[in-house]
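Starting from the known structure of chain A, fit chain B onto it as the hints suggest.
Number of protein chains: 2
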Amino acid sequence: MVASVKRVALVGGTHGGELTGIFLVKKFQQSPHLIQRHGTETICLISNEKAVKIGTRYIDTDLNRAFNRQDLQNPQLTNYEQLLAKKIARRIEEEKIDLIIDLHSTTANMGLTVILHDNHPDLLKLAGYLTQVDSKVRILQHTLNQESSYLINSAEFGITIEVGAVANGLLDAKLFQETEKLIYAILDYLEADKKGQPLSVPLKFTYYSAIGTVDYPRNEQGEIRAMIHPQLQFQDYQPLNPGNPIFITFDGEEIFYQADETVYPVFINEAAYYEKGTAMCLTRAVMGNG
Amino acid sequence: MVASVKRVALVGGTHGGELTGIFLVKKFQQSPHLIQRHGTETICLISNEKAVKIGTRYIDTDLNRAFNRQDLQNPQLTNYEQLLAKKIARRIEEEKIDLIIDLHSTTANMGLTVILHDNHPDLLKLAGYLTQVDSKVRILQHTLNQESSYLINSAEFGITIEVGAVANGLLDAKLFQETEKLIYAILDYLEADKKGQPLSVPLKFTYYSAIGTVDYPRNEQGEIRAMIHPQLQFQDYQPLNPGNPIFITFDGEEIFYQADETVYPVFINEAAYYEKGTAMCLTRAVMGNG
Numbered sequence: 092m093v094a095s096v097k098r099v100a101l102v103g104g105t106h107g108g109e110l111t112g113i114f115l116v117k118k119f120q121q122s123p124h125l126i127q128r129h130g131t132e133t134i135c136l137i138s139n140e141k142a143v144k145i146g147t148r149y150i151d152t153d154l155n156r157a158f159n160r161q162d163l164q165n166p167q168l169t170n171y172e173q174l175l176a177k178k179i180a181r182r183i184e185e186e187k188i189d190l191i192i193d194l195h196s197t198t199a200n201m202g203l204t205v206i207l208h209d210n211h212p213d214l215l216k217l218a219g220y221l222t223q224v225d226s227k228v229r230i231l232q233h234t235l236n237q238e239s240s241y242l243i244n245s246a247e248f249g250i251t252i253e254v255g256a257v258a259n260g261l262l263d264a265k266l267f268q269e270t271e272k273l274i275y276a277i278l279d280y281l282e283a284d285k286k287g288q289p290l291s292v293p294l295k296f297t298y299y300s301a302i303g304t305v306d307y308p309r310n311e312q313g314e315i316r317a318m319i320h321p322q323l324q325f326q327d328y329q330p331l332n333p334g335n336p337i338f339i340t341f342d343g344e345e346i347f348y349q350a351d352e353t354v355y356p357v358f359i360n361e362a363a364y365y366e367k368g369t370a371m372c373l374t375r376a377v378m379g380n381g
Numbered sequence: 092m093v094a095s096v097k098r099v100a101l102v103g104g105t106h107g108g109e110l111t112g113i114f115l116v117k118k119f120q121q122s123p124h125l126i127q128r129h130g131t132e133t134i135c136l137i138s139n140e141k142a143v144k145i146g147t148r149y150i151d152t153d154l155n156r157a158f159n160r161q162d163l164q165n166p167q168l169t170n171y172e173q174l175l176a177k178k179i180a181r182r183i184e185e186e187k188i189d190l191i192i193d194l195h196s197t198t199a200n201m202g203l204t205v206i207l208h209d210n211h212p213d214l215l216k217l218a219g220y221l222t223q224v225d226s227k228v229r230i231l232q233h234t235l236n237q238e239s240s241y242l243i244n245s246a247e248f249g250i251t252i253e254v255g256a257v258a259n260g261l262l263d264a265k266l267f268q269e270t271e272k273l274i275y276a277i278l279d280y281l282e283a284d285k286k287g288q289p290l291s292v293p294l295k296f297t298y299y300s301a302i303g304t305v306d307y308p309r310n311e312q313g314e315i316r317a318m319i320h321p322q323l324q325f326q327d328y329q330p331l332n333p334g335n336p337i338f339i340t341f342d343g344e345e346i347f348y349q350a351d352e353t354v355y356p357v358f359i360n361e362a363a364y365y366e367k368g369t370a371m372c373l374t375r376a377v378m379g380n381g
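Taken in order, these protein sequences are the chains called A and B.
If you read the first sequence in our numbering, its first letter stands for residue 92, the second for the next number, and so on.
If you read the second sequence in our numbering, its first letter stands for residue 92, the second for the next number, and so on.
So here's chain A without its partners, still in its complex pose (with noise of 0.2 Å):
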C-alpha cells in the first residue's frame, strides 16, 4: 500500500469546533512546503468550512456519518451536510486521493491516536513506526464495513487522527505541536518508503481494537441518569477489569462493569458522542508485528 500511495489529503474541520486540525490545515496551506515530500503530493483541505465559521460540529448532521456510499447516491438527501459530502466525495475522486488523513480531536483522553480503519498490513506498520515516534501515540483498530460513513471512506486508504484530551472551540498548543510532528513523521515515512529506504518498525508493539460501545445509563425518557466514574474519566487505554467502577449516579450510587474479559476503554466521556448513545468504545489490547 504505502508504495502506491501518490497523493494525500490532509483534512481538518471535518468538525467545526475541533481546532486542532483545522488551525494546522490552515498552516500549511500558508505554508505548503513543510507537507512537501519525495514522491508524495499532499493536498489541504477544511472539509465543513461553514461548520467552522460557526464553530459547531455541524450545521444539519454529522459530516463524518455521511460518507455511506448509497447515500452519496441517493439524489434525495439534500441537507447541508449531505451535499457536502457528494461534493467533498467527487474532489477526492477527482483528485486521484489514494491516502485520506482527518484529523480530529476529542474530549477523551486519547493522547495521540492513530484510527486505523481496515487490516492493511502496511497501514498497522506505519502506525507501529508512529508509536516510536512519541510515547503518547496509541493505535486504534476500527475496522470499517460496507455500511461506513465516514469521511477517510472516499479514499482506499485512511487514518483518522483523534487527539485529546481537548475541548472543542480552543486550541491547546502542547497537542498542536504533538499533532504537527504526528503528520510529519507520517509523511516522512511514506517518503522513506518511495525512496527505497523505509523506517525501521518496531518489532512488536500493542494496538488496541475496537469491540463495540457502551452506553449511559438512562431513563425511560433516554435522559442520562448518571455519569462516567470519576476513577474511570481520563483513564482511556487504560485496563478496565470486572468489578470496576464505571459509571456513578447523580446520588452517588456506583454503577460497576459487569463482565468476564478485561477491556480497554477509549473515547470515554466524548462531549459528541451523549447523543450517539455512547459513554465509552471498548477495545482488546492487541500485540502487532513490525
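Simulated from the structure, these hints should not be mistaken for laboratory data.
C-beta atoms are modelled at their ideal positions from N, C-alpha and C, and glycine is treated no differently.
You may find that some hints are simply not true.
Calculated from the model, a selection of chain A residues having no Cβ within reach of chain B, i.e. all distances over 12 Å [to be verified]:
(1) 94
(2) 123
(3) 141
(4) 156
(5) 185
(6) 202
(7) 234
(8) 236
(9) 333
(10) 352
Which residues of chain B face chain A? A partial, calculated answer using Cβ under 10 Å [said to hold, decoys possible]:
(11) 108
(12) 110
(13) 115
(14) 118
(15) 121
(16) 146
(17) 265
(18) 314
(19) 319
(20) 341
(21) 342
(22) 361
(23) 362
(24) 363
The following block gives chain B in isolation, referenced to the frame of chain A:
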C-alpha cells in the same frame, strides 16, 4: 446582607453547553428537600431551556450579556435571548429573589471559583467561609457597574460559580459532586446566620480582584495568530511574572508577558471567550479579612 436574604434563585443553563449546573438544577428540581434550609426559600431555574436542548451556548446572543437595565426596557430588542432576559428579569422580580446563584462551567482550570460582583463585606465573608470547605475554592472579585449585563444583575445580590476545567457538553462527576457540596455550604451558611449561629470565617484569606483582560495576538483579519503558551495552559490563579511566556505562535515563536507587575491570570483559554477577544483575565491577589 446575609440576614436580609429570604429568597434565593439557583440558576443553571444560562449557557446551554455547561452541563454541571444544568444537571445539578435538574437534581434539585427532583429532590427539592436537598436545598431547603431554615429561613430561606430557594427556587430552581433552567434559564435558557432552548440552548440547553440543542447543547449550544446560546441561540442568538449570549444570554449572560442581555441583562443591561436599558436593554431590558428597550422594546426593539427582540431576539431569542433578549426576550428571554426580559422574561427572566420579570420572574426574578415577581418572585422577590434577593440572591441569585448562577452556575457556570469553564474550559479554564478555575477549580471552584466563586465570583463576587459587588464589594459587600458580608458576601466576601461568605466566600471566605467557602475557602475552608474545599481547597479548590477561589474567590474572584469582578465588580459590576451600571452598564453590567449579567443575569445576576436582576437581583440585589448575585454570586456566579465557575467550575473547571471541563469541556462543554459533558459532565465531570468529581466536579459535579464538588459543586453540589459548594451549593450546600452556601445555603448552610445562610441558614446558620438566620439562626443566629454564624459559621466561622478565616481571619485572613486571599481573593483575586479582576483588573483587565488580554486578547490573543491577531492578524489584520482578526484571526488569532498565537495560542496560549504551554507553560501558561491550566495555570489559572498562578503568578504570571513580567518576562514569563504567555503565547506561542503557530510557528513556535514565544511571546512574553510585558509589564511591571506580577498578576494572576484566570479564564485562561476559555473556549467561549475567543469570540469576545479575551485570551485570559488578569487579577491582583488581595488579602481579605474574615
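Worksheet entry | Violated hints - listed by number, lowest first | No hint contradicted; all consistent.
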